[in-house]
Amino acid sequence: MSLIKEMTKGFFKENPVFVMALGLCPALAVSSSIENAIGMGGAATFVLLCSNILISLLKNLIPSKIRIPCYIVVIASFVTIVDMTMNAYLFELHKNLGIFIPLIVVNCVILGRAEAFAGRNNVVKSIFDGIGMGIGFTLALVAVAFFRELLGAGQLLGVNVMPANYQPILIAILAPGAFLTLGLLLGLMNLLKKPEAD
Amino acid sequence: MGIFTLAISAIFINNFVLTRFLGLCPYIGVSKKLDSAIGMGMAVIFVMTMASTITWLIQNYILNPFDLVYLQTIAFILTIATLVQFVEMVIQKMAPALYKALGVFLPLITTNCAVLGVSIININEQLSFVESILHGVFAGIGFTIVLIIMAGLRENLEKAPVPDSMKGLPISFVLAGLMAMAFLGFAGFQI
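Residue numbers (the working numbering), protein chains in the order written: chain A, 217 to 414; chain B, -18 to 172.
It should be emphasised that the hints constitute simulated quantities derived from the structure, not laboratory data.
Glycine is no exception: its CB is placed at the ideal position from the N, C-alpha and C atoms.
Treat the hints with care, as some may be off.
[What the hints assert, rightly or not] Ranges of calculated distance between the beta carbons of each label pair, as one might list FRET restraints:
id : chain 1 : residue 1 : chain 2 : residue 2 : range
1  : B       : 111       : A       : 379       : 32 to 42 Å
2  : A       : 278       : B       : 159       : 42 to 52 Å
3  : A       : 315       : B       : 170       : 19 to 29 Å
4  : A       : 400       : B       : 45        : 38 to 48 Å
Kindly generate the complete structure, drawing on both the sequences and the hints.
Following this line, the structure appears as structure tokens:
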């Protein structure tokens, strides 16, 4: 039961992007289409899961003074694996995500979970935490991408969904649209959260 | 590529924060006060210049000749982490006043994706050694400019009547969106 809770806390209650404001760069940069968002989310989830497992296994061997560089090396190794695999099998997606794949290394969500969770908990818990946070990150990316792709291109996953005479709001797919969409989504979430707090 | 072209392109047309989406965490996190924004900006310019210099040398004199290009990500991030640590120690010893001003921001810079970003972009765009260094400087300046503008705006925002649910982070993003819109005016400049 508590394992399920470790996992689902990442979806909404401790969502890395919306609640903790971590991993903002990829959340804005690759959310111009749902396809990119899912690709990025998948890559980050894989790295998060693997690094969580390895770090929680190694936590007693790593001296606490140099733990951050050690975590970074572990994360960077998995990022290299993802980078090379995607380049080989998902070339188109790899090209779209571009520089943001090597930049998963400095995604604060992953280092944040290593420091705050995997370095302090056992492997099983860390696995569930990694999966949950990864899915939460992906959900946030998809949520932003949903609105940007819908408004900016009139499409969802590349399929036209808007009426034929719909004029795409181009700004939504450009850089400013990313900031505006995320800002308004955060505001909306605050608005919906209000009644529970009282 | 001329220095002027490189400068305009790195500062305005391809601004790291507003067009390339790099370095957003410090952009949102450290832009509450003007003083700390200036401190952070200076530290970033410094580290980005050093990182561009050293990563270019590593790429062209170690990774390329020995066929180790697949180690790029690991090599670069370790270099940057070491560099930041080293810079912190040197400044602490040599210039305590500067350390007091920059000290708290230095450790944060390791995980600033703009620093790793500028290193990788230098290599991807096959810039020469001098161009890489200049690109590092100008990208840092571009980052600092938008960080300082943002801090100034947010200080004034404190007095504005913002709806409760939009207070804090949400309104900052909307503000960043409006700034990005202004910077979009530079897009497509041909120099």
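Requested in this report: Starting from the range 38 to 48 Å, see whether the pair residue 400(A) and residue 45(B) falls in it by beta-carbon distance.
Outcome: This hint holds: roughly 46 Å between Cβ atoms.
(message) A range of 19 to 29 Å was offered for this pair. Does it hold for the Cβ distance of residue 315(A) and residue 170(B)?
(response) Holds, since residue 315(A) and residue 170(B) (Cβ atoms, about 22 Å apart) stay within the stated range.
### Query
Has the hinted range 32 to 42 Å been met by the Cβ atoms of residue 111(B) and residue 379(A)?
violated, 54 Å
Is 42 to 52 Å a correct range for the gap between the Cβ atoms of residue 278(A) and residue 159(B)? holds, 44 Å
Hint check: a violation occurs at hint 1 only; the rest are consistent with the structure.
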